[in-house]
Amino acid sequence: MNKRENILLAGCSVFLLLTFLPTQGIGARGRASMAPQAQQQMGGAGVSTGEASAPVLDAQKRPITAGGYVDAGPIVFQNIADKAGLTKWREQTGTLGKKYILDAFGAGVALLDYDHDGWLDIYLVNGSTYDAMSGKTTPPQAALFHNNHDGTFTNVAEQAGVANGRWGEGVAVGDFDNDGWPDIYVTNFGKNRLYRNNHDGTFTDIAEKAGVALGNWSIGATFGDYDGDGRLDLFVSGYIHYDIAHPTSLESCQFRGARVMCGPRGLPGEGDHLFHNNGDGTFTDVSVKAGVSDPNDYYGLTSVFADVNNDGRVDLLVANDSTPSYLYINKGDGTFEDDSYSSGYALNESGRETASMGIAIGDYRNNGLLDIYNTTFSDDYNPLYRNDGDASFTDVSYQMGIADPTIPFVGWGDGFVDYDNDGWKDIFVVNGHLYPEVDQHNWGTSYAERPLLFHNIAGKKFDLVPAVNGTGLAATYTARGAAFGDLFNDGKIDVVINELDGVPVLLRNVTVNSNHWIGFQLIGGPKSPRDATGAAVYLTAGGIRQRGDVLSGGSFVSNNDSRVHFGLETSSKVDRVEIHWPDRTTEKVDIPSVDRYFTIQEGRGIVKGVYDPQQPRSHALQKPR
Amino acid sequence: MGRQLSKNIYVKRKIYSIVSLSLVIFSSACASGQRGESKPATQRQQLSQDWSRGNRALQQGDNAAAEKAFRQALAIAPNSIEILNNLAIALARQGRDGEAIALYEQALRLKPGDPITGRNLGVAYFRAHRYKDALPFLESFAKATPTFQALDITGLDLFALDRYPEAIVYLERANRLQPNDLPTLDVLGKAYWRAKNYSGVTTVFDRIMAINPDSPEAHFMLGLADDAMSKEGDAFKEFQTVLAEDPNYPGVHSSLGLIDWRQHLVPQAVKEFEQELSRYPNDPVSNYMMGEIMRQQNKPAQAIPYLEAAVAVNPNYRDALMGLGQCHIMLDQPLKALKPLKKATEVDPDFAQAHFVLGTALSMAGQHAEAARERNICKKLQAEQNAQTILRTEHSH
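Residue numbers (my numbering), protein chains in the order written: chain A, 208 to 832; chain B, 624 to 1020.
FYI, nobody ran anything at the bench for these hints, they're computed from the structure. Wrong hints could be hidden among the right ones.
List time: in silico DSS-like cross-link candidates among lysine-lysine, alpha-carbon distance up to 30 Å [unchecked claim]:
no., chain 1, residue 1, chain 2, residue 2
1, A, K496, A, K290
2, B, K962, A, K268
3, B, K755, B, K922
4, B, K1003, A, K496
5, B, K962, A, K668
6, A, K667, B, K962
7, B, K894, A, K538
8, A, K295, A, K306
9, A, K496, A, K668
10, A, K268, B, K894
11, B, K755, A, K268
12, A, K668, B, K1003
13, A, K667, B, K922
Each pair of labels, with its calculated beta carbon distance range [said to hold, decoys possible]:
no., chain 1, residue 1, chain 2, residue 2, range
14, B, P890, A, A665, 29 to 35 Å
15, B, P759, A, A665, 21 to 27 Å
16, A, A465, B, P890, 36 to 42 Å
17, A, T345, B, P890, 51 to 57 Å
18, A, V277, B, N871, 20 to 26 Å
We put the CB at the ideal spot given by N, CA and C, even for glycine.
Using the sequences and the accompanying hints, generate a full structural model.
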């Protein structure tokens, strides 16, 4: 074909290209900003909604996702998983080549003190394999690592009856029966589990009996008392309505021209479910009536109940993959209003949907409003939504300096964590690509990726904390779930990562400074959930008023330490603590000292608790209601 | 941008070739500009001297001197449409189009329907990218004086207004008068293209090839075609050929910049856009891209002048308008963001993202109800667009 023919044949396409060029913007953000999304993704692979970005390499020509390390700097996290005994267990999900999308979503992790010994334990959800699903091999099992109080952990999952053995996905913790002991809900591809705590170190799965088993691909769960009856209800997001017997062919999907697994685009979405707690050990599916059933069949991932408009009622957030995210505002009458778009949470700064994976919720500006940080796919930045009040959110990622560094990464678990106890909530993100194939190309990204820690500069901007060689930040993981909590009761927030097809990572917080801190375990009163899920603590110290919430779920299909933790920087006293309980009552509590945990019971103030320093540990401290 | 790109590449080229010829300079009749005013003899003498000095300076290209002389003359005869016209020309030649337009408008108020003033005002509006305002004057100009220039500029104005079938009529007439004018053929070809008259495109391309198959215009069009077919290497060669023949060919550096940008070579792209802007400071494509790059680099204050320049050339440049709004949002200036964002949604009511970003600005400005309304418009539009996409996809499958 000669040039003349070219131009004549090109005709209309030249025009179309030029017409669409500006709408595709520029750079990862802009390029992705206005591309015709569905057209780009339909029938294709992957969950990216952004266009390909230029590779970012470090001085040694490594992708920045697996490089960019420095020799000197603050040492904040060290991976002690091996020493702690966690690496005796390994997560396993699907094929190593990740032929199907079911293979790619590793699992969540929960931090909970299941036995009331005053030390956080670790529950790691397992995936599964096709051979196990067909009965050819023994199914991989979940791990419940009991905290031995000496820096080591022992896997007691089998004895505790929480090994799952199904194709596990996510986890949420909540005391649904108000007996004072944390229960565990595990989402699966297949039927889910509701492990009721038997108060003796064991659990019983009552999901079928309770009516919350479902059956296809559930993933992100969260407990919350949406109707104010004092009992925790349960929300479960659905991802894809998946037929394991007829998975979508590998041949038809591409990522940057390479063949990869298919989905979620082009695959049918799975609906979401809200289960109302009947108070008798059973639940009723009220999804449609409550207005949260996901009639759009979006690809739900993480979900979390949180009061984002400060009306004392928990609202509901759902991170949807490659589709707009949901923000449902609790109307107080048992129903929700879909304010996803009107709130600004549905899309990113450029009005574009993202592949939302994880959700972190926290008040990074210390103004009493909960902000949101979502993780997304590579070629997109992770959006930080500033809460402007009245359930309105503005994506301020670029203004806060937090957008660009995240673009090459595929983000999963995330949390607002004051790692250095300076009184300002920082952001921790764990990463790992979806496609193993990326390691065969020079795309500036890698399958295993390093985590990112952003230091909060007084709520005005975030600085990326350098990854110092030899530390936990300068190592790569195929991370998925992540949970944040103080595993060693030293006032420093640690991180546990559930690696896809890998061993767990325990990033112990080794920050050295003299900052003070304080933490609270809350016990709800008769009209609140017993574990106080949904409560908000407002603490004033050193002229700063911070907010901490008791939440269930979040991060990436994971569950954090339910204690509320505050860094106090140089303040050695707390001026004021005000607790907004789930039953919408408010209580002020005088706090006598810092650098320790207090247990506060609704209406009774400070009470003895399992986290009190040098108190005898007792399994019977909290009697069933 | 496609429309902006080609529109401005070609229209701009025509502007430079036409404008200086189209303005009508009054060379006499200063006395008739007195409008009945009785001047003392010394004043008349002074007026005549200023008028002559101004015209001489204008002819010599000393526009500052001309301006000075005409201003002195205007002080004596403030209602002279001749002096107003020639002063306006002196100002326009100094790039002061806004002041020139004001003088033409003043002259037209003094003598409504004056064909010369109307013609000059039409050209001035066109130069200032006020295509809609320009059209009636240019149509009158072309009707009264159907020269190549009159027909060509009227066709260009219609092209700029996206009225392609009408533009084709004028441009074809212009082409008949000057068949070898390649820039006119360029625009004519684009007009056929936009009018989806592909046989027309073919005939125009035939004409270009017959005139000079190695002309910059031909290579530039081939470069665009290669680029459209993702043959970046071929496109690059074509554009380099254009540059070798005409280093100042409008749009070639911005086209190279776009290729670089698509290959993620942002620094190289910036260099090309800067090259384009050094030659054509008003080039909307380069201004838009530079603005977007600055915005992406979290430099909204630096991005704003670029985006404003793009919008100045085409007030209906929806993407530049949205970028401008986003910059103001980044600078926590929601009230300043409202105007460009509202304009973007007016220009293209189906621009879902602009509705969403407008919602963000409104929300930041405390106008939550309005914010919710805009964001819900985005929701509705995206749902419709997704549904259409699904239908298209299913159909194609």
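Verification of the hints:
1. In summary, the hint linking K496 of chain A to K290 of chain A is not supported, as the alpha carbons are separated by about 50 Å, beyond the 30 Å threshold.
2. This hinted pair does not check out: K962 of chain B and K268 of chain A have alpha carbons roughly 45 Å apart, beyond 30 Å.
3. Between the alpha carbons of K755 of chain B and K922 of chain B the distance comes to roughly 34 Å, so the proposed pair goes past 30 Å and is violated.
4. Restraint check for K1003 of chain B and K496 of chain A: the C-alpha separation of about 23 Å stays at or below 30 Å, so the hint holds.
5. Among the hinted pairs, K962 of chain B with K668 of chain A is consistent with the structure: their alpha-carbon atoms are about 28 Å apart, no more than 30 Å.
6. Using a Cα cut-off of 30 Å, the hinted pair K667 of chain A and K962 of chain B holds, with the two alpha carbons roughly 27 Å apart.
7. At most 30 Å may separate the alpha-carbon atoms for a hinted pair to count; K894 of chain B and K538 of chain A exceed this at roughly 54 Å.
8. Between K295 of chain A and K306 of chain A, the direct Cα distance comes to roughly 26 Å. Compliance with the 30 Å bound is thereby established for this hinted pair.
9. This hinted pair does not check out: K496 of chain A and K668 of chain A have alpha carbons roughly 41 Å apart, beyond 30 Å.
10. At most 30 Å may separate the alpha-carbon atoms for a hinted pair to count; K268 of chain A and K894 of chain B meet this at roughly 24 Å.
11. With a C-alpha separation of about 54 Å, the suggested pair K755 of chain B and K268 of chain A falls outside the 30 Å cut-off, and the hint is violated.
12. At roughly 34 Å between alpha-carbon atoms, K668 of chain A and K1003 of chain B are farther apart than 30 Å, so this suggested pair is violated.
13. Between K667 of chain A and K922 of chain B the alpha-carbon distance is near 16 Å, which keeps this suggested pair within the 30 Å criterion.
14. A hinted range of 29 to 35 Å holds for the C-beta pair P890 of chain B and A665 of chain A, which are about 33 Å apart.
15. Distance hint check: the CB atoms of P759 of chain B and A665 of chain A are about 59 Å apart, inconsistent with the given range 21 to 27 Å.
16. Roughly 27 Å separates the CB atoms of A465 of chain A and P890 of chain B, a value that falls outside the hinted 36 to 42 Å.
17. In this structure the hint that T345 of chain A and P890 of chain B lie 51 to 57 Å apart at CB holds, the actual value being about 56 Å.
18. The supplied range of 20 to 26 Å is broken by V277 of chain A and N871 of chain B, whose beta-carbon atoms lie about 47 Å from each other.
Of the numbered hints listed earlier, those contradicted by the structure are 1, 2, 3, 7, 9, 11, 12, 15, 16, 18.
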